[in-house]
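Asker: Assemble chain P onto chain D, guided by the hints.
Line order of the protein sequences matches chains D and P.
Numbering-wise (the numbering used here), the first sequence opens with residue 1 and increments by one.
Numbering-wise (the numbering used here), the second sequence opens with residue 1 and increments by one.
Any given hint could turn out to be false.
Where chain P lies over chain D, by a calculated footprint (3+ residues, C-beta under 8 Å) [what the hints assert, rightly or not]:
{"id": "1", "segment": "74 to 86"}
{"id": "2", "segment": "231 to 245"}
With the Cβ distance kept under 8 Å, some of the chain P side facing chain D (calculated, not the full set) [unchecked claim]:
{"id": "3", "residue": "Lys6"}
{"id": "4", "residue": "Pro12"}
{"id": "5", "residue": "Pro14"}
{"id": "6", "residue": "Phe368"}
Below, simulated DSBU-like cross-link-like pairs (lysine-lysine); rule was C-alpha separation at most 35 Å, straight line [what the hints assert, rightly or not]:
{"id": "7", "chain 1": "P", "residue 1": "Lys341", "chain 2": "P", "residue 2": "Lys313"}
{"id": "8", "chain 1": "D", "residue 1": "Lys61", "chain 2": "P", "residue 2": "Lys311"}
{"id": "9", "chain 1": "D", "residue 1": "Lys197", "chain 2": "P", "residue 2": "Lys6"}
{"id": "10", "chain 1": "D", "residue 1": "Lys63", "chain 2": "P", "residue 2": "Lys313"}
{"id": "11", "chain 1": "P", "residue 1": "Lys6", "chain 2": "D", "residue 2": "Lys117"}
{"id": "12", "chain 1": "P", "residue 1": "Lys327", "chain 2": "D", "residue 2": "Lys202"}
{"id": "13", "chain 1": "D", "residue 1": "Lys202", "chain 2": "P", "residue 2": "Lys6"}
Hint data in this document are derived by calculation from the structure and do not stem from the laboratory.
Glycine is no exception: its CB is placed at the ideal position from the N, C-alpha and C atoms.
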Amino acid sequence: MKHHITAIGLVIVLLFLGVGDGIGQTYLFNPKHPQSAIRHELNFSLFSHFTRSPQLATIHKVKSGLAYPEPIFNRVFGIATAGYEPRLRMIEWGNSASLSLDIPLNVSLSLVDITNKTREVQYSPVPVTDAEFNSGIYFNTREGDIGIFHSEIGALLSLNLLQGSTLENTKGFGLTFSAGVNRVMAPLFMNFLYGYKRTDYKGMLAWNLAVARFGLHFRGVAFNYMIGVNPTNIYFTDVNSNTSTSVFVNNYNRFSISFRLGQ
Amino acid sequence: MGGCIKTERLEPFPLPDIVQTAIRRVECFEQYNTMLVASDRGLYLRFSDGDAASFESEQYDVLDNIDWTTAQVFYFHGRERFTVIEGSRVIHGTRTSLTTRVDQTFFPFAYMDDVMAPDGTIYRIAYYEEKWDGQSFYSDFYIGIYELSSLSSSFVWDLVETQLTVSTQFISQPYSTFDDNGDLVIATNPMYRVSNIELNNIVYDSVYKSGVGFGYSSLAEPIAVGNTIHGFDHPLGSIYAVSRLYSTEFSEGHVNQQSLVQNCSYPSGSNGPSKLLHVEGDTATVYVELAGNEEVGGQQHIGYYMKLNMKTKDCQVLPLLTSEYIKEAQNITDLDIMDGKAFVGTTVGLMVYDLSNDSVSAYARLLFEGERF
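One chain only, chain P, in its complex shape:
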């Protein structure tokens, strides 16, 4: 008789009330099916097997002090570890713990960018020194590759000095990414590709770029697809409207540009792409934020997502529609896309927008109804 008895288990799961309040940040890592949601009440981390961890700001004061609009968020699947870097704070979140480190490393210049290597190492690319030869009109800024230290010291970044320089005339944020070969690409002008990062043993090659005017200095939010590097004229979500997409073969000097405004027919009420959501092959999906609802053909649009083929320049702009849960565009605080669904942070909570049929539901309710994302 015992063999006929079926056994089932209902396991407790973290209360998603953390995501039932004003959402500050939503970051999905689609390839690993993981998600980070920051809200007024704390931090919610969802892992690939559907388990989640909640960290309430009542217990972790640091969460109240994070500026989530500027924080950089990383996820390393090898250790199932989220890392949030904002200002001098570095937060690591795992299934069971949330640890914070406050950095006292001195950075002489404000230009910097954080990037994660395929092996999970996080680097900060920042200028560490300015040198002038006494004759030239311009001086040179030296790029330092700072590695996020695993030691529990108050200096969390270990500097690896390099001979990589950027002239004053091209000084800009040293936006960086890792390419398919695991090499660090620093999208400054000149553009650098670093294949070995070790103290006193930096191996790199570089190419001076031209072709989009005298003013070209860097590619914001660079995306490496094979030997091609794509990027925008401004970082998405900044106060500057993004209007161009730059593309260049690493080994060539020429930088191509396309006008996103012309190719993609931006909605009139938008400021252009505000967040890079997803990259698959040559196609990037970006979120186009609206300041207010836009009525098109009798439908109320609360925002758009744009599929941009960076190689062919094809562009597809798709609307997000109003629903009982999201009535106003200005209610959206952030969103990201994973597995055909947009996880939309709003002023009242996290919503799940099914892009296939425009249906919307509250994330917490879907969890209670047995949905596992």
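Just chain D, same shape as in the assembly:
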């Protein structure tokens, strides 16, 4: 019942905004005239881009006769990110709504590390030797971050309303709801100071995320917030405090501003 009320409310708001005025003829993407169905955007973000991979490994800290497992994941903090995103309108309904396939391509100046929640463990996948294991060393660590810069490529299906939904729409305001997959490749450059090799971290440097995005359009500018939709919250016991704590992995958060290129 609550969902029905929300849906009805949303329809009323959209009608109020004028979506209904322009819905009429349906147009499908015509490959002979791609320029009229593609919108190009450049996007940027600053200190507002953060993602973690799914759990990659488990380390064990040992204290007072107990082994405390902790998750290890690839953590990416984007300092500055820039991207280009073509939006291919597959279906247009009149001049106020469309369904588009968006391909965001991003490169980020970012700090990348394979680490734990508190970041005091810089994980190395090199297995411990039997001698190390028997002497109480249960996992290997690194001395520095794994690398810098990362890139992303996504594929999103978007429902666009009003401004930005079609070439013809002249409303000053628009909305976009998107859902799809985003692939993260991190880092782009391994930390050469310590000689880290990509081959030693096979399977840890790229992952796919299911994401959703909400965008607000004002003329040629859009504000977007993209989030991972199926993160995992891993509960574990902190070895020092012996209390339960948790960390989200397989998550994604990015707030960005984008500018339309051309029409």
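Answerer: What follows is chain P alone, placed relative to chain D:
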């Protein structure tokens, strides 16, 4: 959005460093998927759900004083309780506690055997009195059935006197077991089957045994399969080499024997079966210990396990091979089998030997890698 969030939990588990030192004893209870491991550092108990409890000898002095080679180990699933009996000490280990009782019960004769009933009650079968009628050449030893008391007294065994006797000529350890019907079988000569154990109400039947020579007196480590009782000529792991398997129908007097040496082609460097690992139907699996590595066909063998069909007498001897973790036969201190894996106690720790592919890894490492046995 909250519905899309998956939740996982990583739970702490007892540090298995207790099993990363010299191992003294390994006992697996396959039907319950539980295990007891005693080492120089303490006692490690693993339960059926994968949880484990560690008791360090620094905190429990008694663990340092146990002779694990002679201790008897029991597990009662109804209470998830391990019981270790060694000499006058009785230790109970559970998920959360380790308790010790020191017994002052007087046993007039050294012959005794401990056995656990299906309901978890532990009995000690021991002679409590010797009587001579003044005329016969032999005297009679009376078998007492001592029940492990649940009371917190220093006398942990409650005697139930019986009229079950063994003549001096057949005096031996009163090895015992429980059969499929829950009756206590005392494998002496005569052999007794006790269906009711109550003070002043012992219900039993008995059969005199013959057929394997005048010297037959008992079946060591008896195994009851239906109405048939199997056993060995000596207890496995004792200083005496085990060379025969005895089998008898309880209701018949005749005792059959088979030569394990001939049927099973013991490896030359072994002293025969040293531990009964597993019994399933008529098939018993035993460990055959080697004093040193044996090279066969270019392979280094560090020991054998033998599958013995006690009914058909078929025998299959399978080797345990060297690995990075176990290089020498003499490094093995004890082993037991559970779920297709041999849990091998060595001088440096507990190893897991996968019998299907001969791969070996340290138990603690496998736990850290997420393996749950």
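Asker: Are the Cα atoms of lysine 61/D and lysine 311/P separated by 35 Å or less?
Answerer: The hint is violated at about 51 Å.
Asker: When I compare C-beta atoms, does the segment 231 to 245 of chain D have three or more residues closer than 8 Å to chain P?
Answerer: Contact hint for the segment 231 to 245 of chain D vs chain P: holds, 7 residues under 8 Å.
Asker: Can the segment 74 to 86 of chain D be counted as covered by chain P under the rule of three residues or more with Cβ-Cβ separation shorter than 8 Å?
Answerer: violated (count 0)
Asker: So, lysine 6/P near chain D? Judge it on the closest CB pair being under 8 Å.
Answerer: With Cβ-Cβ at 4 Å, under 8 Å, it holds.
Asker: Given the proposed pairing of lysine 197/D with lysine 6/P, does the C-alpha separation stay at or below 35 Å?
Answerer: holds (32 Å)
Asker: Given the hint that lysine 327/P pairs with lysine 202/D, test it: the Cα-Cα distance must not exceed 35 Å.
Answerer: holds (33 Å)
Asker: Below or equal to 35 Å on CA atoms is what counts here, so check lysine 341/P against lysine 313/P.
Answerer: holds (24 Å)
Asker: Are lysine 6/P and lysine 117/D close enough, with their CA atoms no more than 35 Å apart?
Answerer: holds (17 Å)
Asker: Under 8 Å is the threshold here; is the Cβ of proline 12/P close enough to any Cβ of chain D for the hint to stand?
Answerer: Interface hint status for proline 12/P: holds (5 Å vs cutoff 8 Å).
Asker: With a cut-off of 35 Å on the C-alpha distance, tell me whether lysine 202/D and lysine 6/P pass.
Answerer: Given pair lysine 202/D, lysine 6/P holds - Cα atoms ~25 Å apart, limit 35 Å.
Asker: Does phenylalanine 368/P hold up as a contact with chain D if the rule is Cβ-Cβ below 8 Å?
Answerer: holds (5 Å)
Asker: Does the interface hint hold: is proline 14/P within less than 8 Å of chain D, judged Cβ to Cβ?
Answerer: holds (6 Å)
Going down the numbered hints, you'll see the structure goes against 1, 8, 10, while the others check out.
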